[in-house]
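Engineer: Sequence:
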Amino acid sequence: MRYSILPALALLTGAVNAHFHLNYPEPRGPFVGANEPNFCGGYTEVTSNRTTFPLEGGFFRIQQGHPNWAAAVYISTEQNPNSFDAFNGTIGEQYARYWAKADTPGQFCVPLDLSSTNITGVRDGANVTIQIAVTGGDGNLYQCADLTLSSNFTFTKELNDTCTNTTASTSTSSGSTPSPTSGALGTAQQIGSYTSLLLALGGVALATL
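Read left to right, the sequence shown gives residues -18 to -1, 1 to 191 (mature numbering (1 follows the signal peptide of the UniProt record, and there is no 0)).
Simulated from the structure, these hints should not be mistaken for laboratory data.
Being a predicted model, the structure only gives us computed values, none of them experimental.
Glycine is no exception: its CB is placed at the ideal position from the N, C-alpha and C atoms.
Some clues are possibly wrong.
What follows is a list of derived Cβ distance ranges for each label pair [said to hold, decoys possible]: (1) S98 / G15: 26 to 34 Å; (2) A16 / S98: 33 to 41 Å; (3) N109 / D67: 16 to 24 Å; (4) T29 / S133: 19 to 27 Å; (5) P19 / Y80: 35 to 43 Å.
Please work from the sequences and hints to get the whole structure.
Structural biologist: Structure follows, in structure tokens:
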């Protein structure tokens, strides 16, 4: 079943026609804008060359082309997840990260701690797939990345240095692996009003960054 974007998010979208790029971890295939409204951006089969990804203290990095957008991450422990249903658990969608939001376009680095999901099968050495869902001015868009989880993974300096947030007016760098309190998407000022809106409407709470 295709994911249903929260009604509250529709209030935040604009009319700009732009897509997002998943820059890290490596997506299933080359970017094809016309396919992003489809499951995994049009790539239904798992890749053989999985990205080694930290079980805890990780991040994902996207390039976003329009303002007033939100992103969430779903996770599947199936070996070849090839439909939206593969990312559902017994009580609905399996979130690896709830909705995070920013008001401006640009490049964003968002913390992703998979060890905190408490989902069966998310463990050291496991093969999993994450699906990043983005809502904005051009509807619901999707990209997937096939991962092998590692409890001993250490980011190289080169990769760690890519974890920056760059908007039309600001640029910040984490300088270290991002955490819920440093170096990642947004600030309290950026997300506070959005959190209040979701709570007021009874929607899913926005994860604290």
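Engineer: Hints first: check each against the structure and report whether it holds.
Structural biologist: Now for the hints, and whether the structure bears them out:
1. S98 / G15: 26 to 34 Å: holds (32 Å)
2. A16 / S98: 33 to 41 Å: With Cβ atoms ~35 Å apart, the hint holds.
3. N109 / D67: 16 to 24 Å: holds (18 Å)
4. T29 / S133: 19 to 27 Å: Given about 22 Å between the Cβ atoms, the range holds.
5. P19 / Y80: 35 to 43 Å: violated (22 Å)
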